[in-house]
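Trainee: Taking the hints into account, I'd like the entire structure generated from these sequences.
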Amino acid sequence: MRSRLGGRDAAATAVTRVAAAFCGGALASLLVGAPARAQGGEAVTASQVNLVDAGGALRGVLSARDERGQASLAFYDADGQTRARFGVDPQGDPELELGNAAGEARLAAVVTGDDALLTVGNERQAHGVLGSAAGVPLLSFGDGQQARMQLQMGEDGRPSVVLAGADGQRSAALSMDGEDAPLLTLYHAGRQRVTLGVVQEAAVINVSGPGQSRVVIGVAADGFPSVTLYDDAGEAVGSIP
49 MRSRLGGRDA AATAVTRVAA AFCGGALASL LVGAPARAQG GEAVTASQVN
99 LVDAGGALRG VLSARDERGQ ASLAFYDADG QTRARFGVDP QGDPELELGN
149 AAGEARLAAV VTGDDALLTV GNERQAHGVL GSAAGVPLLS FGDGQQARMQ
199 LQMGEDGRPS VVLAGADGQR SAALSMDGED APLLTLYHAG RQRVTLGVVQ
249 EAAVINVSGP GQSRVVIGVA ADGFPSVTLY DDAGEAVGSI P
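Under the numbering used here, read the sequence shown as residues 49 to 289, first letter to last.
Worth double-checking, as some hints may not be accurate.
What the hints assert, rightly or not - Restraint-style ranges between C-beta atoms, simulated for each label pair:
(1) P138 / G108: 18 to 28 Å
(2) H236 / Q96: 48 to 58 Å
(3) V246 / N170: 38 to 48 Å
Worth flagging that the hints you see were computed from the coordinates, not collected in a lab.
From a predicted model like this one, the values you see are computed outputs, not experimental measurements.
Note that CB positions come from ideal geometry on N, CA and C, so glycine has one too.
Mentor: Shown next as C-alpha cells:
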C-alpha cells in the first residue's frame, strides 16, 4: 500500500452539487448498513460525485474509477490534502487510508483474499503492522527498510518472537516446541550459533560453529551435569564427566 494518499485535480474536475435530500439518505444508509434507496422514488446515476463546502471548495469525491482504477470515496481538508480514503480495487479487495496534514498515510488497512493487514505509521520509517497472513496472526515492527521484530502464532497455537538486524537476517528467536518447552536461539550472519532450551526435561545449551554443534552443555532433570565436545563432522571427541 502506498504511503501517500491519492491526490486530486480540482481544476480538471467539474463540481457537481448534490441535493441535500440525496446526500442525507445516502449517508444514512452508509452509516446504518441498510441498502441505499433513492429519495422520492428517484435515482441519481453518475460516475463521479464531488462534495463541496459553502465556499465551493472540494471536500470529498465519490468516484466509480479513481486514478488508481478503484471505486473510492475520498475526503479532503481545507488545504486540499487527502485525509481519508476508502476504496475497492478491481479484484474486489477493500482498503482504507487515513492521512496526516501532508497527505501521507499514517494508518492503512487492506484485505486481500483471506489475509488482512493494518499498518500504523509511515511505511518508509518506523511503523507497526498487525495482521493475519495464511491463517497466521502476526504483529511486526519495521524501520522502513526491514522488519526488525515479529510476534506471531502458528496454526498449532505455538507463539514465537523473532528479532532481526538491519540487514533483515535473524538475530534472535524465542519459540516453543511441540511439548510447550521454551527455546531461545541466537544467530550470526544468518547462521544458528547458540541455542538454549529444555529438551526432555533437561536444560541444554548448544553452541555451534559454522556448520555443526561444537559444544553441548546440559543439566538433566535429576541435576546431573554434562559437557560434550564435537568435531567438524559432528562426532563427539570428549565429554565431562
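Trainee: Just tell me: holds or violated, for the beta carbon distance of P138 and G108 against 18 to 28 Å?
Mentor: 22 Å, holds
Trainee: With respect to the beta-carbon atoms only, verify the hint that H236 and Q96 lie 48 to 58 Å apart.
Mentor: 57 Å, holds
Trainee: Starting from the hint 38 to 48 Å, judge whether the C-beta atoms of V246 and N170 obey it.
Mentor: Cβ of V246 to Cβ of N170: about 41 Å, so the range 38 to 48 Å holds.
The structure meets every hint from the earlier list without exception.
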